[in-house]
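Sequence lines, in order, name chains A and B. Per this note's numbering, residue 1 is the first one in the first sequence, and the count goes up by one each step. Per this note's numbering, residue 1001 is the first one in the second sequence, and the count goes up by one each step.
Honestly, the hints are just simulated from the structure, not real lab data. Be aware that one or more of the hints could be misleading.
Quick list of in silico lysine-lysine cross-link-like pairs, DSSO-like style, CA-CA up to 30 Å [to be verified]:
hint	chain 1	residue 1	chain 2	residue 2
1	A	K65	B	K1182
2	B	K1093	A	K56
3	A	K94	A	K23
4	A	K94	A	K33
5	A	K166	A	K23
6	A	K94	B	K1394
7	A	K95	A	K33
8	A	K94	B	K1038
9	B	K1034	B	K1394
10	A	K179	B	K1067
11	A	K56	A	K23
12	A	K95	B	K1094
13	B	K1093	A	K174
14	A	K161	A	K179
15	B	K1173	A	K94
16	B	K1094	B	K1394
17	A	K65	B	K1067
18	B	K1349	A	K65
19	B	K1173	B	K1236
20	B	K1371	B	K1038
21	B	K1038	A	K174
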Amino acid sequence: MRTIIFSWEYPPRVVGQLSGYVKALTTQLATNKIDVNIVTYDDDITGLTQEPSGVKTMRVSNPVKTHIGVLTWALTLNQEVERAATNIYYDAGKKISLIDVYDWHFIPAAVTLKNGLDIPFVYSVESLEDHRSPAAQSSYNMAIKSIEWQGFYEANMINVKSQWMKEEIIRMYKVPPEKITVVSASPDTWINDILKLYDIVAETK
Amino acid sequence: MHNLSVLMLSWEYPPRVIGGISPHIYFLSKHLAKQDIKAYVVTCDFPGAPAHEVIDGVEVYRVDSYKNPSPDFATWVYLMNMNMQRETAALMKKIDYKIDVIHAHDWLVANAGIGLKHIFRKPLLVTMHSTEMGRRDGLHTTAERMIHETEAWLTYEAWKVICCSNYMINHVKYVFGLPNDKLVMAPNGVNTHGYIGTDYQTFRGKFALPEEKIVLFVGRLVYEKGIHILINAVPKILSKVNAKFIIVGSGYMKEQLLNIVRSMGLEHKVLFEGFLDDTNLMKLQKCADVSVVPSLFEPFGIVALEAMAAGSPVVTSDTGGLTEIVEHDITGVKVYPNNPDSLAWGITKVLLDESYAQFLRDNAYRRVQEKYNWEKIAQDTKHIYEDVLGEYTKSFWA
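Next comes chain A alone, as it looks inside the complex (with noise of 0.2 Å):
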């Protein structure tokens, strides 16, 4: 199996608890022979790198310097995520078993990669927008909302951290329950619950 993984932050870049999160999933993913790529965001490190444990790190920045807020940032960023994520799949014989999109910022990618190129991609949900910013109605909140109710309908299928999350996506967006898997951080069991996961939309295709 071969993945890519698209993630704003990585290590070295750390913005919350998704960095860290991130890393320990791709070095577990490695360890059970998955062939795992990230894209991610750097301004300063970009390129690819290679660590020991086999996972692929492509570093992107973005080609537009200024902006007038987070979300041209993130839309323009995107195309730069998608050619980092078609050179792997040019490279790898036009054989990707899956996307996993962690939060909004790079949904549009994964959603455009889905209808062009039939990969299938899993939503790992970390927060909503709704959380971030509780009650928040303006148009810019609304358009980042957009971008993750299309995620949502897009997604082969998606992945949150408790029940609680599971059912605030269902409450908020509407999405059938049977699309949402819920992968607990039980140190047990989650990396074998995130394989299985990915075994059912590599299978979607």
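Fit chain B to the given chain A structure using the hints.
For chain B alone, kept in the frame of chain A given last:
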């Protein structure tokens, strides 16, 4: 081997008409189709227009482009690109990836064009109809710098950058630091067939008295179009000739211009007509005794070309693409840019000398037919595509 196929991306295509890109795409794609090129146009949606239709042999797809809330215009553009890219990616799969070149028009479709280029590994071309630096006369705000950098990124990613005039070639080369061999000129064209017809006297009577000459301005009411220069020239012109000034178009300067006209006491001489449909606009251009293009920044100047095709003498500022379209004293009159005295001189010269005006009309119409017909421009564009494909087939992407 299948026919050469092109995927055009544009934020406007009829019936959605915002500026000059819409008619440009319509005529270019239509004439490319006549040259046996399979042409697809992906554009923004418009109320009442179908999501897919075939127009003059061109496959037109309209994307749901207002589905995401957006805090401002620039953010809307990037969100629209997200939707355009997704729907075009699905279209590519549906047509079994049978696209040879992707042709983007302006920064408004930059993200979609760049993303699709990499996803499907197809060569990308761009026509730069304008630049943010030119439109704003510099870069003054964060949004303007962001748009400028997006334009720079698009020209960087493009295999070739097409410009509509030699002026724009030089401008784009300077603004984005592009190498010469990346730039190629293909002018805009004009459809002369739409202007056939002679009896417009009744129509003319809706706008002006028989003894009044018609001075016509067509364009967005924005600073770069220099409409305020024409308004400032109105009293000088009226001191020598009885005329009615018809202003067609809309824009953020409209209220300001209306106030100036009111303060001059000239509401009865300057009419703001707003947006006119193509049929009425063409009739008005046929009726105009002079068409004025007083732009401060003009990458090409399609309005001047349309007036020349309509048989209306033109007075333009000597700037940008207008410098190339109009030959002074032969196909029109060129005046100093940003100079109401010079503009008034040029307009008065045409209005007071009918034989001179007829001389300009005849020469201009001939020039339009020789140089700016869409058939020839589509042929030139097809050659650009073929050259790019020739180079592409030697690359590891092919």
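Tested hints:
Our distance criterion of 30 Å between C-alpha atoms is met by A/K65 and B/K1182, whose separation comes to about 24 Å. Distance check on the hinted pair: B/K1093 and A/K56 sit about 29 Å apart at the alpha-carbon level, within 30 Å; holds. Under the criterion of a C-alpha separation no larger than 30 Å, the hint pairing A/K94 with A/K23 is consistent with the structure, at around 25 Å. Distance restraint check for A/K94 and A/K33: the Cα-Cα separation of roughly 19 Å lies within the 30 Å cut-off, and the hinted pair is therefore satisfied.
Distance hint between A/K166 and A/K23 is fulfilled; the C-alpha atoms sit about 23 Å from each other, no more than 30 Å. Simply put, A/K94 and B/K1394 have alpha-carbon atoms about 21 Å apart, close enough for the 30 Å limit, and the pair holds. At roughly 16 Å between alpha-carbon atoms, A/K95 and A/K33 fall within 30 Å of each other, so this suggested pair holds. Annotation: proposed proximity of A/K94 to B/K1038 holds, straight-line Cα distance about 27 Å (limit 30 Å).
For the proposed pair B/K1034 and B/K1394, the alpha carbon gap of about 28 Å is at most 30 Å, so the pair holds. Distance restraint check for A/K179 and B/K1067: the Cα-Cα separation of roughly 24 Å lies within the 30 Å cut-off, and the hinted pair is therefore satisfied. This hinted pair checks out: A/K56 and A/K23 have alpha carbons roughly 11 Å apart, not beyond 30 Å. A threshold of 30 Å between alpha carbons decides the hint, and for A/K95 with B/K1094 the separation of about 20 Å falls inside it, so the pair holds.
Distance hint between B/K1093 and A/K174 is fulfilled; the C-alpha atoms sit about 29 Å from each other, no more than 30 Å. Annotation: proposed proximity of A/K161 to A/K179 holds, straight-line Cα distance about 14 Å (limit 30 Å). Between B/K1173 and A/K94, the direct Cα distance comes to roughly 37 Å. Violation of the 30 Å bound is thereby established for this hinted pair. Between B/K1094 and B/K1394 the CA atoms are separated by roughly 27 Å; this keeps the pair inside 30 Å, and the hint holds.
Straight-line distance between C-alpha atoms of A/K65 and B/K1067 comes to about 27 Å, which keeps the hinted pair within the 30 Å bound. This hinted pair does not check out: B/K1349 and A/K65 have alpha carbons roughly 50 Å apart, beyond 30 Å. In summary, the hint linking B/K1173 to B/K1236 is not supported, as the alpha carbons are separated by about 39 Å, beyond the 30 Å threshold. Between B/K1371 and B/K1038 the alpha-carbon distance is near 25 Å, which keeps this suggested pair within the 30 Å criterion.
A C-alpha spacing of about 41 Å is found between B/K1038 and A/K174, which places the hinted pair above 30 Å, so the restraint is violated.
In summary, the structure is inconsistent with hints 15, 18, 19, 21 from the numbered list given earlier, while agreeing with the others.
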